Amino acid sequence: MATPNIPAKRIKREEYRRNVQAQQESTDGSVIKMPQKKFFRQRAHANPFSDHRLEYPLSPAHMDWSSHYPAFVDPDASKTNLSGGRKLTKEVEVVDIGCGFGGLLVGLAPLMPDTLMVGMEIRISVLEYLSSRIHALRSQQQRLKNKAANPSSSEPKDASAQPESTESTSAPVPANDDEIGTEKLFPGNFENITAIRSNTMKFLPNFFGHRQLSKIFICFPDPHFKARKHKARIVSESLNSEYAFVLRPGGLLYTITDVEEYHHWVLRHFLHGEQPEGGAPPAASSKDLFERVSEEELAADPCVRVMKYETEESKKVTRNKGNKYVAVFRRKADPEWPA
Amino acid sequence: MAGLQHPFSCLRYVNRQSADQSDILIATAGRNLYSYDASSGQRLDVWPQPVDANVEDKSSDAAPTSENQGPPEKRRKLSSTSDEQKDAKSESKPKDSNKEASNSWTNIPLVTVAHGKYVVIMTSEDKCVRVLSLDNEGKLKQLSARTMPKKLSALTLTPDENNILAGDKFGDVYTFPLIPSGEYVKVQTPAKPYEPSATNLTVHTKRNLESLEQQMRQAALSKTSQAERVALNFEHQVIIGHVSLLTDLISVTRPADSTVGKRNYILTADRDEHIRISRGVPQAHVIEQFCFGHTSFVSSLCVPSFEPKVLISGGGDNYLLVWDWLKNQILQKVELPGAEGESTVRGIWDVSLAPTADNTDPVKAIFVALEGSSQLLYYTLESDNTITHQDTLQLSGNVLDVVGIDPRGSILVAVDTLREPNSTSAWKSSSQPPLETFRLSSGKWTPAEDPMVTKINSEGTSSIPTTLEQKQQKELNDSMYSLGNLRKRDEPYDD
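So the protein sequences, as listed, match chains A and B. Sequential numbering from 1 applies to the first sequence in our numbering. Sequential numbering from 1 applies to the second sequence in our numbering.
Careful, some of the hints might be misleading.
[Claimed, not checked] Here are some, though not all, of the chain A residues that point toward chain B, as calculated from beta-carbon distances under 7 Å:
1. 55
2. 59
3. 70
4. 201
5. 202
6. 225
7. 238
8. 241
9. 245
10. 261
By construction, these hints were calculated from the structure, which means they are not laboratory data. Computed from a predicted model, the values in this text were never measured in an experiment. Using N, Cα and C, we set each Cβ at its ideal position, and we do this for glycine too.
Could you build the full structure based on these sequences and the hints that come with them?
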C-alpha cells in the first residue's frame, strides 16, 4: 500500500494506539488513562474458518495466565506450568465467548471478585481496546486506593499523568463506559478479569481443561443471517459438545440475542423438540447434556442482569428499542456408559 | 510392462472365514476397484465393469475404447467430466447396477471392508459412499450409493461393522447404516415462506435497512419457499463436529479391564493439531479427552490392534507421538527423518504376525511412511508401550499403502508406479510393478517371492496414456499427494 494515501483517520488512529501502548509499557508509576473506543472500532464479523495468526497454548497445562492475573500469581515461584510460567492460586472458571469491548466482564468483575474471568475475542482491534481498558482500570483503581490511603500525596502524580484531560476526570458521573472505574473503588479492583484473542470455535479446549469452567457467556453473537453462513454460528450441536467438555456438571451456559430467529436456533440446538405422542425417543445428541434453567432462577441471578443491561451490545439494543432473548442452560452429568 | 499404469492407492486383505474359500485382496487403482484371489493372484473382478463392445451402453460413446482391460476414463480431464458430475448429482438416486455407475470420478481414496463381504468405498469427485457386495467368487456388485455433502477424508466402521462412520473435510462425522434399512422417508417440513431473520429491530445502518427492505420485497414476490438446506436423502446422523478440516477418524474398542467393561471410542484428528477422543456411537457427543502435543496438522492415527491402549499419531511435524490416549499422556516422542516443516506422515500401519518357525515371538510391528518417500520405517512396539526403530525398508517407488498378511508372515506394499522415488511430481517414462512384498525372517524384513504378487504385477492395472498434458499430470499428482496442502501458511496480514 502506498504510504501517501493512508487516510487521515487511520493515521490518527494508529498514533493514538501507539500512545496507549507506550503509556502502558512505561513503568514510571503514572496512572493510565482509559482508552477510547472510537479508535478501536472494527468490522463486526470475522471468519471463524480462516487460520488468522492466532496464538494459543499447546494445551491448557501450557497456558501461562500469570501475566493476565498478576494479583493471583502463586507466591511460590517454584510452581510452574508446562511452559515455565508461574502458576495461579486458582483456576480461570468463567469465559465470555466473543466478549467484544468487555462490558460484561467489567460488569461481572465486582460481582464475583474472587473468580477469575476471561473474555475471548477474535477481532484484534477490539481485543486491543479491551486489554488497554483492563490495564487502565487496574491502574485507576490503584490510584483511587492510593488516594484513599493518603489523600494529599497522590494528586500531583495523577495530574502529571493526565495533563490535558482534567475536565473529563472531574465529571461527577461517567457519561459512558470508557469512564467506569475511574471514580470509585470496586471489589476486586478488576484484577480478576482479562481478555485473550482467540477463535474459540477452534481452540477453546486448548485453553480450558475438562470441567474447568463454571460459567460460559455467549452474548449477542454474530447472527450470520444467511442460511449459507449458519455453519459459522457459535452455537451448534457439535460445538455444544465442546462447551459441555469444558463446563463442569451444574455449570451454566448463558446466551442472549436480539434476533428472535437466533434465539429459536439456540433453543433448538440445546434442547430436544416436542416429541410426538408414542413416537420414538429422540436420537442421542449433545442436547442430552443440557437442560434449560427456569425463569425464576434467572430472575435471581445477577449475571443475567449484567448480561441484559451492561454489555455494550445490550445498551445498543435498548437504545434502538429492540428485544432481548435470554436462554440459560445447565450442564447435566454425562450419561452412563452403555452396558 | 510397457507404458504408465495407475498405482494401487489402497490395499485391503479380506480374511475369509471358511476353509474352502481362499482369501481376497481388495485394491484400488485409478478409478477402479479390483478383487484378487489371494493365493493365486488371479483377478476376480474389476469394478466398475470396463465398457464392453458387446454390451449396449450409451456411455461407451463417451468413453474411448482401449485394447487392454483397463477402463479408459482416467484419461479425461476433470473439467470435461463436470457436466456428468452435475448429472450424477441431479439424479442422485441410488444406482444399483454396475452399468449405471456414472463415470464422474477419477480415483477411490477410501476403502474399508465390512463382515468380509461388503466393500465400502468413497469415489472421489462425486463424494459418493458406495457399498458393494463381495460374493464368494470375489465378484463386486454395487448395492447402494449415498452422496455426501462434502468430500470425505476418512471412512471407517463402528465396531459391530453395521454402521459406517464418515469424516468430511468440513470437520463433521456422519454415521449411517451399512445397509440402508428400507426406504428412507425424508422428514417433510411444511414449506415455509422465506422470512428474513433480521428485522428493523436488529439492523440499523442505512445500508442494512435497505437490503432488509429488499429482502422483504423479494419474499413477498416469490411465494415459493427458498432453496432448502442441503439435506441428505438418506438416513444419517451427524455425531461429531470439528471446526477444522478432519484428517483421520478411527473407531476403537477398549477391552474390559478390572474396573470398567468393554468401551467403544471414536478418535478424530484435524488440521488444527487436535486429536479428540469421543465415546462411541450412540454417545459420540460426549467428549472424553483431547490429546495435545502436535504442533502441526495431524494426518494419521493408529491404535494397534494388539495394544488398544496405545495411540501412535503423526502429521506435519517431524515426529511421531506415542500416547496413552485415554489419559492424554505422551509416552514417547519419536523423531522422524527429514527437516522440520517438510516431512509429513502419510500413513501408520500396525501389523501383527502370529509366531512362526522363523519368528518364535509374536510380531508387533508398526510401519510408518512419509508422504512422497520410498522408505518404509519399521518399528516394533515394546512391552513398555514405546516403539523402537528396527529397520528402514527401501522400495522402488513411494509408499502408498501397506497391508500385513498374517498367514504368510509378510507385508504387501503398494508403491507409486508413476513417479520417481522420493518425488511427488517427476514422472517416470515407464511403470514398475505396483506391489512389493517382504517377509520377516530372523528379525529382518527381506524382499520375498509370492506367486500372488507376481501374478498381479504381471497383469498390472489400468494404463495412463504417455502423452498426458502437464495439467492432467498435476491433477493426478495432487489427488495422490494432497497432505502438504494442510500446512498452514504464514499469512502476512491479518485482522
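Now the hints, each set against the structure:
no. : hint : verdict
1   : 55   : violated, 11 Å
2   : 59   : holds, 3 Å
3   : 70   : violated, 26 Å
4   : 201  : holds, 4 Å
5   : 202  : holds, 5 Å
6   : 225  : holds, 5 Å
7   : 238  : holds, 2 Å
8   : 241  : holds, 5 Å
9   : 245  : holds, 4 Å
10  : 261  : holds, 3 Å
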